[in-house]
Amino acid sequence: MLSSPMKERFCKRITLADIDSKTFLNMLNCIQRKEIEDHSFESLCDLYEAADKYQYIDLMHACAAFMRPFFDMENIDTVQMLSYLHSDKYLQQMVEIFINQNKSEIELGENNQNRDLSGAKVEKESFDFYQ
Numbered sequence: 001m002l003s004s005p006m007k008e009r010f011c012k013r014i015t016l017a018d019i020d021s022k023t024f025l026n027m028l029n030c031i032q033r034k035e036i037e038d039h040s041f042e043s044l045c046d047l048y049e050a051a052d053k054y055q056y057i058d059l060m061h062a063c064a065a066f067m068r069p070f071f072d073m074e075n076i077d078t079v080q081m082l083s084y085l086h087s088d089k090y091l092q093q094m095v096e097i098f099i100n101q102n103k104s105e106i107e108l109g110e111n112n113q114n115r116d117l118s119g120a121k122v123e124k125e126s127f128d129f130y131q
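With UniProt numbering, the residue at position 17 of the sequence shown is 17, and numbering never jumps.
Keep in mind that the hints were calculated from the coordinates and are not lab data. Being a predicted model, the structure only gives us computed values, none of them experimental. A portion of the hints provided could be inaccurate.
[Said to hold, decoys possible] Taking lysine-lysine and the DSS-like style, the derived pairs with C-alpha atoms no more than 25 angstroms apart in a straight line are: (1) LYS34 - LYS22; (2) LYS34 - LYS53; (3) LYS22 - LYS53; (4) LYS34 - LYS89; (5) LYS89 - LYS103.
[As the list claims (entries may be wrong)] Ranges between beta-carbon positions, derived for each pair: (6) ASP58 - LEU85: 15 to 25 angstroms; (7) LYS34 - ARG68: 17 to 27 angstroms; (8) PHE41 - THR15: 24 to 34 angstroms; (9) TYR90 - SER40: 12 to 22 angstroms; (10) SER4 - ILE99: 52 to 62 angstroms; (11) TYR84 - PHE10: 39 to 49 angstroms; (12) ALA17 - ILE99: 31 to 41 angstroms; (13) MET73 - PHE24: 50 to 60 angstroms; (14) PRO5 - GLU74: 23 to 33 angstroms.
Ideal Cβ positions, reconstructed from N, Cα and C, are used throughout, including at glycine.
Based on the sequences and whatever the hints tell you, model everything.
Set out below in structure tokens:
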């Protein structure tokens with residue numbers, strides 16, 4: 001197995017199945033120049049996950065800080081899940097602060113989910129198995 005040269009040496013190409021090329025180049029740019037080129041929310045999430053995988057904690061915190069302006073009611077659950085999956089207390093604190101600052105909007109959204117199309121409040125039915 002190790003007696004012959006690796007195929008990557010001949011073809012000058014390495015396949016990384018777990019990270020896309022855009023994220024990898026963005027991560028290399030961060031390592032070399034200490035700057036993040038692509039500031040889109042999706043790109044920051046991908047870069048955050050790659051930074052966690054390669055244990056680049058400073059980059060994780062930088063991605064979390066750049067994600068903060070993108071926090072809104074539609075994606076806060078995604079960010080919260082990301083913070084729990086990667087056990088990142090820093091990002092968890094940022095999410096908690098956002099949720100606390102926007103509690104009224106969150107409660108309003110939950111109340112609107114409990115209304116049906118006619119505007120009447122939907123009562124949650126309970127089912128008793130022992131009837």
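Evaluated hints:
Distance restraint check for LYS34 and LYS22: the Cα-Cα separation of roughly 16 angstroms lies within the 25 angstroms cut-off, and the hinted pair is therefore satisfied. Between LYS34 and LYS53 the alpha-carbon distance is near 18 angstroms, which keeps this suggested pair within the 25 angstroms criterion. For the suggested pair LYS22 and LYS53, the alpha carbons sit about 16 angstroms apart, so the restraint of at most 25 angstroms is met. Under the criterion of a C-alpha separation no larger than 25 angstroms, the hint pairing LYS34 with LYS89 is consistent with the structure, at around 23 angstroms.
Taking the CA atoms of LYS89 and LYS103, the gap is about 20 angstroms. The hint holds against a cut of 25 angstroms. Checking the proposed 15 to 25 angstroms range against ASP58 and LEU85 shows it holds: the Cβ atoms sit about 19 angstroms from each other. A beta carbon spacing of about 19 angstroms between LYS34 and ARG68 agrees with the range 17 to 27 angstroms that was offered as a hint. Evaluation of the 24 to 34 angstroms hint for PHE41 and THR15 yields a pass: the beta carbon distance comes to about 27 angstroms.
Taking the beta carbon of each, TYR90 and SER40 are about 21 angstroms apart, inside 12 to 22 angstroms as hinted. The hinted range of 52 to 62 angstroms is satisfied by SER4 and ILE99, whose Cβ atoms lie roughly 56 angstroms apart. Hint check: TYR84 to PHE10, Cβ distance near 43 angstroms, so the stated range 39 to 49 angstroms holds. Checked against the hint of 31 to 41 angstroms, the C-beta distance between ALA17 and ILE99 comes to roughly 35 angstroms, which is consistent with it.
In this structure the supplied range 50 to 60 angstroms is violated for MET73 paired with PHE24, their Cβ-Cβ distance being about 32 angstroms. With their beta carbons about 50 angstroms apart, PRO5 and GLU74 fall outside the hinted range of 23 to 33 angstroms.
Hint violations for this structure: numbers 13, 14, all remaining hints satisfied.
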